[in-house]
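Asks: Letter by letter, the chains look like this.
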Amino acid sequence: MVVLAALATSACQAERPPGVYDLNIADAYQRLFRHTLPDMVFAKQCGILIHVRPEGVPNQRVMWRVYSSGQKVVEFSAALTAIGDKQTKVVINMPRGEKGGEAYDGSQFYTRPAFNQPLRPAVEEQVAAILESRPFDVRRVGPGKDKVCLVQRGGLESGRVFRVDDLPGMDARQSADCRDSRRQGGKC
Amino acid sequence: MIHRIFMAVAAAAFMTACTQQAGTVYPVKIDEARRVLTSTCFPPLVFGSQPPDCEARAGGASDIVWVGRLRGAEVFRYVATLKDEGNGSTRVAVTLKGAESGPAGNVAQKLSENRAIRNLYLVAMQERISSALERRQFDMSRIYPAMAAATAANMSSIRASVDEAHAASQKLARDAMEKAYRDEGIRR
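In order, the protein sequences belong to chains R and A.
Counting along the first sequence from 1, when you hit position 35 you're at 67 in our numbering, and nothing is skipped either side.
Counting along the second sequence from 1, when you hit position 32 you're at 34 in our numbering, and nothing is skipped either side.
The hints are simulated quantities; they were obtained by calculation from the structure and are not laboratory data.
Careful: at least some of the hints might be erroneous.
[To be verified] For each label pair, taking beta carbons as the anchor points, the in silico distance ranges come out as: (1) A/138 - R/209: 51 to 57 Å; (2) A/108 - R/165: 30 to 36 Å; (3) A/185 - R/186: 17 to 23 Å; (4) R/47 - A/186: 44 to 50 Å.
[Stated by the list, open to error] Computed list of lysine to aspartate or glutamate pairs in EDC-like fashion (alpha-carbon distance at most 20 Å, straight line): (5) R/104 - R/137; (6) A/181 - R/189; (7) R/104 - A/186; (8) A/173 - R/189; (9) A/85 - A/129; (10) R/177 - R/117; (11) A/173 - R/169; (12) R/104 - R/134; (13) A/181 - R/47; (14) R/179 - R/189; (15) A/181 - R/169; (16) A/173 - R/71.
[What the hints assert, rightly or not] Examples of chain R residues lying across from chain A (beta carbon under 8 Å, computed): (17) 81; (18) 188; (19) 189.
Small disclaimer: the values here were computed from a predicted structure and weren't measured.
Heads up, the beta-carbon is just placed ideally off N, CA and C, and yes, glycines get one too.
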């Protein structure tokens, strides 16, 4: 009987539709609005340093704007809808990509990418982890496909920093040196 | 299939053990064998990324001793016993003895508890001796069965070691990234 009850309970839990969480909308909003997504940033960021700033419309929407060197590089949002008093449906919205589709969908090209692509699964996993009170699990996200990102992240992991406004083919230090040199009339 | 591999590995280990005990006869005069072997040292690859330092010397009239040292202290030694078989040929039998204390701990006990590793070290040294006396390149394929057996017997610790290395590499990457963010904060 205990086993049957456990099976019935897990079956009921499994029936929860995707994107629906067992939290009322105020709690869901508060959790998301407070979060700067550090685990997702660590797992998926590339070579440029990025900072996530959450903004929100209470109990309706949380938007995360991502900046690098003071410049906005991408934003995405979670739209919240109450389902009764105890559940909330969350829909992730990504902006349009320059090549069609959506930003960071795996088909876009960025000279200085902020995140590895595709980004949507990582955002969905991060939001789910926050609302289910569990750690972000990078294994649920799948590998990134952006080779530029992988190269630049390799640089960051070994102490070589990139900025979104770097000169082509240079990292942050090389770009700064080059700009200094140009200011003094030199070449680089 | 697994049964067949096991049988092949077991047969190889058995034959190797017999060869090590009885020794192998080479068509080389004993003086020449002694001269060649004292200028030979450990086999490649089997001791990992930090192989011990090797010192080869004659040990009495009939033995050649190879001492493996880490940070100057002995961790193990091979002893090859040479016997004149007449007609310009020499029998060479090799044994392995671990140190009972030192930088790598009680190697003698570790070797007696881990026979697959002990066998691999012996097979590899046997091939080092054979290749030297037969004036040919060291043949890795001759130690593959012993290597496969050692790998199978030590899979759990190999996995733990890989996990450890992965965790260490992740920590290094995270440290480098955190430093980059700290430095960025300082520059602001």
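Asks: Would you mind marking each hint as holding or not holding in the structure?
Replies: Results of checking the hints against the structure:
1. A/138 - R/209: 51 to 57 Å: Distance hint for residue 138 of chain A, residue 209 of chain R holds at roughly 54 Å.
2. A/108 - R/165: 30 to 36 Å: Violated: the Cβ-Cβ distance is about 47 Å, outside 30 to 36 Å.
3. A/185 - R/186: 17 to 23 Å: The hinted range 17 to 23 Å holds for residue 185 of chain A and residue 186 of chain R, with Cβ atoms some 18 Å apart.
4. R/47 - A/186: 44 to 50 Å: About 46 Å separates the Cβ atoms of residue 47 of chain R and residue 186 of chain A, which means 44 to 50 Å holds.
5. R/104 - R/137: With a Cα-Cα distance of about 18 Å, the restraint between residue 104 of chain R and residue 137 of chain R holds, given a limit of 20 Å.
6. A/181 - R/189: Distance ~10 Å between residue 181 of chain A and residue 189 of chain R Cα, so the pair holds.
7. R/104 - A/186: 17 Å, holds
8. A/173 - R/189: 10 Å, holds
9. A/85 - A/129: Holds, at roughly 18 Å.
10. R/177 - R/117: 40 Å, violated
11. A/173 - R/169: The given pair, whose Cα atoms are some 17 Å apart, holds under the 20 Å limit.
12. R/104 - R/134: 17 Å, holds
13. A/181 - R/47: 44 Å, violated
14. R/179 - R/189: 15 Å, holds
15. A/181 - R/169: Measuring from Cα to Cα gives roughly 24 Å; hence the hint is violated.
16. A/173 - R/71: 14 Å, holds
17. 81: 5 Å, holds
18. 188: Because about 6 Å separates residue 188 of chain R from the closest Cβ in chain A, which is inside the 8 Å limit, the hint holds.
19. 189: Holds - the Cβ of residue 189 of chain R comes within 8 Å of chain A, reaching about 4 Å at its closest.
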